[in-house]
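Residue numbers (numbering that gives the first Met the number 0), protein chains in the order written: chain D, 0 to 292; chain G, 0 to 452.
Hints in this document: simulated from the structure, not taken from any laboratory.
Every residue gets a Cβ at the ideal spot worked out from N, C-alpha and C, and that includes glycine.
Hints should not be assumed to be uniformly reliable.
Unchecked claim - Only pairs whose alpha carbons sit at most 30 angstroms apart, straight line, appear in this in silico DSSO-like list of lysine-lysine: (1) K282(G) to K285(D); (2) K288(D) to K444(G); (3) K291(D) to K443(G); (4) K425(G) to K11(G); (5) K312(G) to K101(G); (6) K314(G) to K289(G).
Claimed, not checked - Computed spacing ranges between beta-carbons, pair by pair: (7) Y311(G) to P242(D): 34 to 42 angstroms; (8) R55(G) to K178(D): 45 to 53 angstroms; (9) R55(G) to I284(D): 45 to 53 angstroms; (10) M259(D) to D277(G): 37 to 45 angstroms; (11) V422(G) to K285(D): 25 to 33 angstroms; (12) I346(G) to K285(D): 46 to 54 angstroms.
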Amino acid sequence: MYKRINLFIAVLFVLPAFQVIGQDWVVPAENSAIENPQEYTLKNVKLGKDLYMVNCKSCHGDPGKNNPLPLVPVPPDVVSDQMQSNSVGDLYYKMSIGKGAMPQFETTISEDNRWRIVNFIMNYNSNRKQLLEDKPPVKAQLLASINEDDGTVNVFAEYEDKGGDYSKLVDVPVIFSLKKTFGNLELGECITNENGRSDFIIPGSLIGNEEGFVTIVVSLGEDYEAKDVILENAKICMSKEVPKLIRQGVIWSTNDNLPMWLLLSYIGMVGGAWLAIGYVVFQIIKIRKYSKE
Amino acid sequence: MNKIESPEESRKLLDKIFKDLTRSIVKKDELTRFWFFILLMFIGVGLWGWIIQVDRGLGVTGMRDYVSWGIYIANFVFFVAVSLIGFLLSSAMHLLKIDWVKPVSRVAEQIAIAAVGLAGIIIVMDMGRPDRLLNVFLHGRFASPIVWDLTVVTTYLTISVLLFYIPLIPDLALLRDRLGSQVPKWQLKVYSILSLGWKGNPKQFKTVYHAMRVLMILIIPVGLSIHTVTSWLFASTLRAGWDSTIFGPYFVAGAFVAGTAAVIIVMYVYRVRHGLKDYFEDKHFNQMGKLLVFVSLLYLYFNVNEFLVPGYKMKLAEGIHLSNLFAGDYAPMFWFAQIFGLFIPIILLLFKFFRKPLPITIISAFVLVSAWFKRYIIVIPTEEHPFLPIQNVPENFHHYAPTSIEIMIMLFSFFAAIFIISVLSKLFPVITIWEYAEEKGIDKKYLSETPKN
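Just chain D, with the same shape it has in the complex:
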């Protein structure tokens, strides 16, 4: 009985998938012929990669790794022939409109960005020069020091070349971020000069902890395998104003915050009562004295 129901459910779900497979994904000729308005440059490919990582990787997997989500039909790998046989216009059209399990991105990703993703996909096209290469990260070293007087961080970067020697790293972005409780806050980046050096000016408006200290993390991009430099307790920014946790006048606050009126009324009332008690005790003494008369 259960088997039958299971089968029924399986058929119910698989059937539409077969229907989708059955039809080829045809792109109208005029759409197919559109050229990419975004230039095929390293910058655009890189931007496209970032977008791909966020929007598409979860289903299509890493380029060339053949690790897609097992959907029906399987989302093709970016480097696969199935993907690369598409024209630029086809890719744009297909990702805009979607089909079956492939979502429609027309409304969620801007036109420019969709074209940038196309550029990223075309990065793996055999007819084009590959601009963005997936090479293993290069071993590198990073040195950084902080100049508290003018609020700059000076860095020097070098990498290990094939011979195993270290030489300066030129024209490479170095990323500066602030260490926070829950992760790092990126401040910005700068490109190393021909000497492998670079200076980064910490924004003056930065707010540190109560004493004005911050911890700066200097790192190289993901192309390099280098230890981050952590500059701890740098005093280069304004100190944070911490509100007093115990507000003045709150009834359970400390004696230091005791409002004067409260202390005076307490002393006044208690003092008054005990003065009167003292007076009564004095009367008792008087009664005793009178007994001797």
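Based on these hints, arrange chain G on the given structure of chain D.
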């Protein structure tokens, strides 16, 4: 009162009054001994429980992180409440020149001393480290209601003791002069020291009256403060069920109810046990019954405000708290306290029959028990709903139930309070002889005469 002219008559009447009112002092019988034995035994058991608690820590109680005020504090509030009757009967009504209250006021004063004394002791018993009690005084914060409470409890205790003692001075002299061999030597010695060599001259009487008047006026603000400040321990927080602006008068009104009931019970016991039918007359019970109705109606009024107004709005936290009281876990206790402690007594006591000594004493017992449960309901349910998420805590953090150690210590407090009252009534007359004699028209000069035996 009609003045008694003949000295013979005066002397005879004074002798009779003295004999009646000192009967409790000179009586030595099995029942008294048995009574003190029972009291001391329970006190001993309670103290044993306390020793266990000091030794093993407060973990032996049912109190945990969320409910950190258990029946000890409920008990404390109860005792503070009961003690307040001293202020009402022996001061406020005296100053209002309500005559019938005079014999009753001594009883009220005894109860006040016993209750406020135990209120202080129970606080120490609630401490995990009672050896650090001094720190409350050394490092207390003046902004904390707990420090205010401590101050006002000690002040009230002092005033209550003085108010008990000063009217007693002429009586102590009487006891010193007249009891002779009827009591042990040490007891006579105590009387003679405490009576301050009283001669009974007009200057002394004037001073006694003056001191009494000062105390009676002083005890009004202090008495009101003691229970108002106790209510602030709760009302100065933001907790549902405690965050109330009428907590001060609500507590004071409730205190009058509990205290009046306690006085009626003790009066009845004295009347029966010491044969004081002519002193605690039916008329006194009748009047106390009317007083109980009056203060109960007042308390009912505050109850309506305290529960109906938030119950009408049912704000989130308040709503959870109230439904817990009205229909939840605490409903039986809540409705018991309201029905047997308030509604039914008010209705019954409207009839003269129920203001007769025995019926009113039974009703008072119900009122007193309900008063205790009412304090439990004020203290504990609120704490089971803190404004903190209760998650990933042991099951016994969620609910509070007193352990046997706590019940032992609670019994200790009851029996200790009864013990104090018993001792006071065993040592001193339960009605001031000289005041009573004076009221009966006996001139003061007969008081200082030593009778020929």
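What's the verdict on K312(G) and K101(G), does the C-alpha distance respect the 30 angstroms limit or exceed it? Status violated; Cα separation ~46 angstroms.
Could you say whether the range 25 to 33 angstroms given as a hint is met by the Cβ separation of V422(G) and K285(D)? 28 angstroms, holds
Do the alpha carbons of K282(G) and K285(D) lie within 30 angstroms of each other, as the hint requires? Answer violated: K282(G) to K285(D) is near 38 angstroms, above 30 angstroms.
Using the Cβ atoms, figure out if Y311(G) sits within 34 to 42 angstroms of P242(D). 37 angstroms, holds
Against the 30 angstroms threshold, does the CA-CA distance of K288(D) and K444(G) hold or violate the hint? 20 angstroms, holds
CA of K291(D) to CA of K443(G), is that 30 angstroms or under? 19 angstroms, holds
Note whether the CB distance of R55(G) and I284(D) lies within 45 to 53 angstroms or breaks it. 47 angstroms, holds
If I claimed the Cβ atoms of R55(G) and K178(D) lie 45 to 53 angstroms apart, would that claim hold in this structure? Distance hint for R55(G), K178(D) holds at roughly 47 angstroms.
Pairwise hint evaluation, K11(G) against K425(G), where the allowed Cα distance is 30 angstroms at most: 24 angstroms, holds
Taking 46 to 54 angstroms as the hint, is the beta-carbon distance of I346(G) and K285(D) inside that range? 51 angstroms, holds
Just to be careful, I want the Cα atoms of K314(G) and K289(G) compared with a cutoff of 30 angstroms; is the pair within it? Violated - the C-alpha atoms of K289(G) and K314(G) are around 38 angstroms apart, more than 30 angstroms.
Is it true that M259(D) and D277(G) lie within 37 to 45 angstroms of each other by Cβ? This hint is violated: roughly 58 angstroms between Cβ atoms.
Taken one by one, the earlier hints fail for this structure at numbers 1, 5, 6 and 10, listed in ascending order.
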